[in-house]
Every structure is written in C-alpha cells, then in structure tokens.
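Chains as they are written, first to last, in the working numbering: chain Y, 10 to 264; chain V, 13 to 275.
Calculated from the structure, these hints are not laboratory results.
Among the clues, some could well be false.
What the hints assert, rightly or not - Derived lysine to aspartate or glutamate pairs resembling DMTMM-like cross-links, with alpha carbons at most 25 Å apart:
| # | chain 1 | residue 1 | chain 2 | residue 2 |
| --- | --- | --- | --- | --- |
| 1 | Y | 118 | Y | 142 |
| 2 | Y | 228 | Y | 244 |
| 3 | Y | 122 | Y | 90 |
| 4 | Y | 118 | V | 39 |
| 5 | Y | 199 | Y | 148 |
| 6 | V | 159 | Y | 98 |
In case you want the letters, here they are:
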Amino acid sequence: MQSTDPMVRISNLSHTYQSRDGLVPALIDINIEIQAGRFVVIVGPSGCGKSSLLMMMAGLLAPSQGTILCSGHAMTSPNPDIAGVVFQEASLYPWLTALENVEFPLSLKHVPKKVRRDRAQELLSLVGLQGFEDRYPHELSGGMKQRVSIARGLVQDPPLLMMDEPFAALDEQTRITMGDELLSIWEKTKKTVVFVTHSLTEAAYLADEIIVMSARPGKIIDRIEVDLPRPRKYEMMSTVRFAQLRERIWNQIKH
Amino acid sequence: MSSINQNRFSPRTTRLLFVVILILCWELLPRFGYIPTLFLPPLSDALMALWGSLSEYLTHLWFSTQAIGLAIVIACGAGIGLGLLLSTSRALVGIAQQLASSGYAVPIVILYPLFTAWFGIGMHSKVAFASIYGFFPCFLGTLAGVKTIDRHYITIARSLGASRRQLIFRVLLPAAIPTILSAFRVGGSLVIVGVVVAEMLTSAQGVGYLITRYRGSLDSAKVFAGILIVVAVVLIFDQLIRYLERRTGFWRLSTQSSENVGA
Numbered sequence: 010m011q012s013t014d015p016m017v018r019i020s021n022l023s024h025t026y027q028s029r030d031g032l033v034p035a036l037i038d039i040n041i042e043i044q045a046g047r048f049v050v051i052v053g054p055s056g057c058g059k060s061s062l063l064m065m066m067a068g069l070l071a072p073s074q075g076t077i078l079c080s081g082h083a084m085t086s087p088n089p090d091i092a093g094v095v096f097q098e099a100s101l102y103p104w105l106t107a108l109e110n111v112e113f114p115l116s117l118k119h120v121p122k123k124v125r126r127d128r129a130q131e132l133l134s135l136v137g138l139q140g141f142e143d144r145y146p147h148e149l150s151g152g153m154k155q156r157v158s159i160a161r162g163l164v165q166d167p168p169l170l171m172m173d174e175p176f177a178a179l180d181e182q183t184r185i186t187m188g189d190e191l192l193s194i195w196e197k198t199k200k201t202v203v204f205v206t207h208s209l210t211e212a213a214y215l216a217d218e219i220i221v222m223s224a225r226p227g228k229i230i231d232r233i234e235v236d237l238p239r240p241r242k243y244e245m246m247s248t249v250r251f252a253q254l255r256e257r258i259w260n261q262i263k264h
Numbered sequence: 013m014s015s016i017n018q019n020r021f022s023p024r025t026t027r028l029l030f031v032v033i034l035i036l037c038w039e040l041l042p043r044f045g046y047i048p049t050l051f052l053p054p055l056s057d058a059l060m061a062l063w064g065s066l067s068e069y070l071t072h073l074w075f076s077t078q079a080i081g082l083a084i085v086i087a088c089g090a091g092i093g094l095g096l097l098l099s100t101s102r103a104l105v106g107i108a109q110q111l112a113s114s115g116y117a118v119p120i121v122i123l124y125p126l127f128t129a130w131f132g133i134g135m136h137s138k139v140a141f142a143s144i145y146g147f148f149p150c151f152l153g154t155l156a157g158v159k160t161i162d163r164h165y166i167t168i169a170r171s172l173g174a175s176r177r178q179l180i181f182r183v184l185l186p187a188a189i190p191t192i193l194s195a196f197r198v199g200g201s202l203v204i205v206g207v208v209v210a211e212m213l214t215s216a217q218g219v220g221y222l223i224t225r226y227r228g229s230l231d232s233a234k235v236f237a238g239i240l241i242v243v244a245v246v247l248i249f250d251q252l253i254r255y256l257e258r259r260t261g262f263w264r265l266s267t268q269s270s271e272n273v274g275a
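Please model the complete structure; the sequences and the hints are all you need to start from.
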C-alpha cells in the first residue's frame, strides 16, 4: 500500500433519514482522512450520528451522499477482509463456543477447518483467552465476551478495526483494563482503529487523534492530535495535559 | 426463595403424589361403586382389556403412528420451512403472522367432512387434516421465534458478508431453534389430536377408530384402554421434545438468567 493514500477517506458525506416528521438531517458534510496504523476516536454526544457514521464506514448503512473509501475500496457493502467490526454488545452467537465464534467469519468463507481453528486459537491467545476456547458466551464475563468479539473482528486480518462503543456496557474497572488490552493488541497488530465512544476519558486515553462531533445534526467540530506519550499509563489520566484534553473536548460538545 | 424452600414437598414429589392419588381414585372409586363402571371402569379393568386385545390395539396404534409421523413431518416441515423462508423479510413476517393467526382461529375440524370427501376415509384424509391442524402453530411459532431474534446476530452476520443462505442456516435457524422446538411441541401435539379426532369422526383404522367403535358397543374398559394408549403417545412425544430442548436449547435459558442477574 502506498503510504500517501489514507486508510480511510470519507468525502462530502451527508446523511438524512426519513422520520414521521419528514426528512431529518443526521450527518452534515463529513470529511475524514485516517492514515494507516492510527488510532482514531470519534467522540460526540448521544444521538450525534457517530455510530451511524461507523456503520457507514463498515458498509452496513448507505449514506445519502458522499463516498467512503477504506483501503482504496468503496464501502458500499460490508467487506470483512477490509474492516472488522466490534459492536457495543459483544453479539457473540450463544450457541457457539468462544473458539467457534472466532472461527465463524472464516467458516463463512469455507476456510478449511484446521486452518481456521489454528487461526482462531492464535487470536484468542492474542486477546488473552487461551484456555477459554470451549466456553460458551454465557460462561464468560462481559470483558471476556468483548475480547472474543475483538478476536472475531481480527480473525480475517483486516487492516481496519471498527469499534462501536465496545466497552460502554462494561464496569469502570473492566473498561480501563480493556482499554489497555486494546492498546497493546493495536501495538502488536499495527491495525488502523476507528473507535466510537461518548466517553471523553476513553477518547483522550486511547487516541492518536480525536474527531469531535456536534449534537444532531452531526458535524465535525474539532480534530485533536493527542500528544500524550505511548505507551499510555493509567497515571496519565491525572496529569494536567490529560485534563486539558478532556476540557477541550467538553467545551466543544457541551453546547 | 425461602418460601419455596419451606415447602414440604419438592415439585417432583408433588407431581408423583398427584399421579398416585389419581391412579388410586381411578382404581378405587369405580371398584367400590362410587362411580358407575360404565362411565369409568377401574384402571385395572382398562389395563386388562388392553392386555386382552393387545394385538388389535397394536395394529391400530401402528396405523395411527404412521399417520401421526407423516403429518408431523408435513406440518412441521412446511410450517418451520415456510417460516424460515419468510424470515429474512420483516414485512413478510408481519403479513404472514396476520394471515396465519386468522387461519388458525378457524376451527379446522369443520372441514374434515370435506377432507373425507376429497381423500376418502383412509390414511390420506387423516394425514391431510392433521397436517393442516399442526401447520399453523408450527408456522406461527417459527415466525415469532425468528422475529424475536436479537437483531445484533443479523448485523454481525451482515458485517461478515454472510450470504442469505448462510444467514438462514448459520444464524437464524440456530437462534430460533428453542422457539421452533416449542412450536414443534404445540404443532406435534395438535397433530396427534388431529389424527385421533379424524379417526374418531370417520375412519376404519387407528386408535381413535377403536375408541369410537367400543364406545358404540358400550365396552367402557376397551374405550379407556384406547384412551390410555393415546395418553402414552402424547407423553412419549412430550419426552422426546424435552430431550431435544435439553440438547439444543441449553444456551437460551442460561443467557436469559445471566441477563437477569446483570440487570
């Protein structure tokens, strides 16, 4: 891949949807470029359309206007070879074991059993779940389920990982652990991550770059380069720099 | 919880006790003349009658079983198959639900005379009647099951580029299996009812036919022997479904309970 081409290029994207009261603008004039290997967090108030934007980037929802290129491909339909998606609810299939859930995308592509088993095993180890292969989702904690879900998102080795508030349903402590875990996975796999959240702390802690969106109709109102050093540490959350970052985001979206 | 624990009998014991009392009443009340034996012969008389004409009952049971088996395959096959086929479209599911629940409300037994006119009084009319009788709950149950599937399961499959076929067989079907099994339970029971009723109305074969014939000759013991056979068939079917539910639906109960705990 040429280093000059961004991993994600969203051009002139707008979206309106039909409600009972007529057409409602949801997203206005979105232009985003994300370079390969970056960790980009989209943050905004509830209902600003950030999740819809992610669904569009994943090819699950068609925008009214504009184009989305991921790794040079127009995302007019889902393409798991380009983008793995992780949702808020881990959305594992409860009738499959952890290993089978991770294997599932490969089995849809008729990858031979041995190959996909090994690959899924590898991914479960990456997310720290070796030994839990044969557990069913109801036997796993919320954080573990989300780990399986991340492993599933990465199993086809896509260059992009898209995450829609993946830790929102977790308790505070698990959420912080999962953030660290995700950063270490990201550093190991060199993926490009697009991460949607409404948590300012999460945004500042994880991101290289934060894209701040306004309340509906969603517009991009700020882009913030996060200059906190990596690897990120929990203690950084109590630094002045961290507080300034949070405050800058807060001042943008509080109106 | 504590109030349940304070209960002196476990549910299992209570059930057993109930059955024992029922059997004792059935045996003793007619035996000692509290109930005329023409209305209710003692259980042992019914069992003796069963034993005495065992080969006749077994022959007719075989006819009934064939009809039941065939009708279950048709009713549940068509009901579940059609339900799954429609399942990928929400709009179709809505329309089908309305139509089928109206259809379900029609007492199909009024059509049975027509069926005998079309198919004769043999196996065909029984099977056709029982199939339609069992079709509706299977179909409606499958539609309801598919409708209640967590939408995330579908989104995930789409994000993974699943084809329509893969969506049905790898996601919708396994996710709907617990509901489909309850549909199968209701549908299957209705098929059994359908076959027996059909045999009782117009037929020359089957356990239902025997019951009607012996009722005509006022042989109560033999009537009840036939009833016992029908009860046995229903119980065996029920156990079979329970077994299937345990095998396939283990995750549903546990996900529900863990969600409750989480909330």
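Hint check results:
1. Pair hint residue 118 of chain Y plus residue 142 of chain Y holds up; C-alpha atoms about 21 Å apart against a cutoff of 25 Å.
2. Among the hinted pairs, residue 228 of chain Y with residue 244 of chain Y is inconsistent with the structure: their alpha-carbon atoms are about 32 Å apart, more than 25 Å.
3. The hinted pair formed by residue 122 of chain Y and residue 90 of chain Y meets the criterion: a straight-line CA distance of about 19 Å does not exceed 25 Å.
4. Simply put, residue 118 of chain Y and residue 39 of chain V have alpha-carbon atoms about 64 Å apart, too far for the 25 Å limit, and the pair is violated.
5. Taken as a hint, the residue 199 of chain Y and residue 148 of chain Y pair is broken in the structure, with Cα atoms around 31 Å apart against an allowance of 25 Å.
6. Distance hint between residue 159 of chain V and residue 98 of chain Y is fulfilled; the C-alpha atoms sit about 19 Å from each other, no more than 25 Å.
Checked against the numbered hints above, the structure breaks hints 2, 4, 5 and satisfies the rest.
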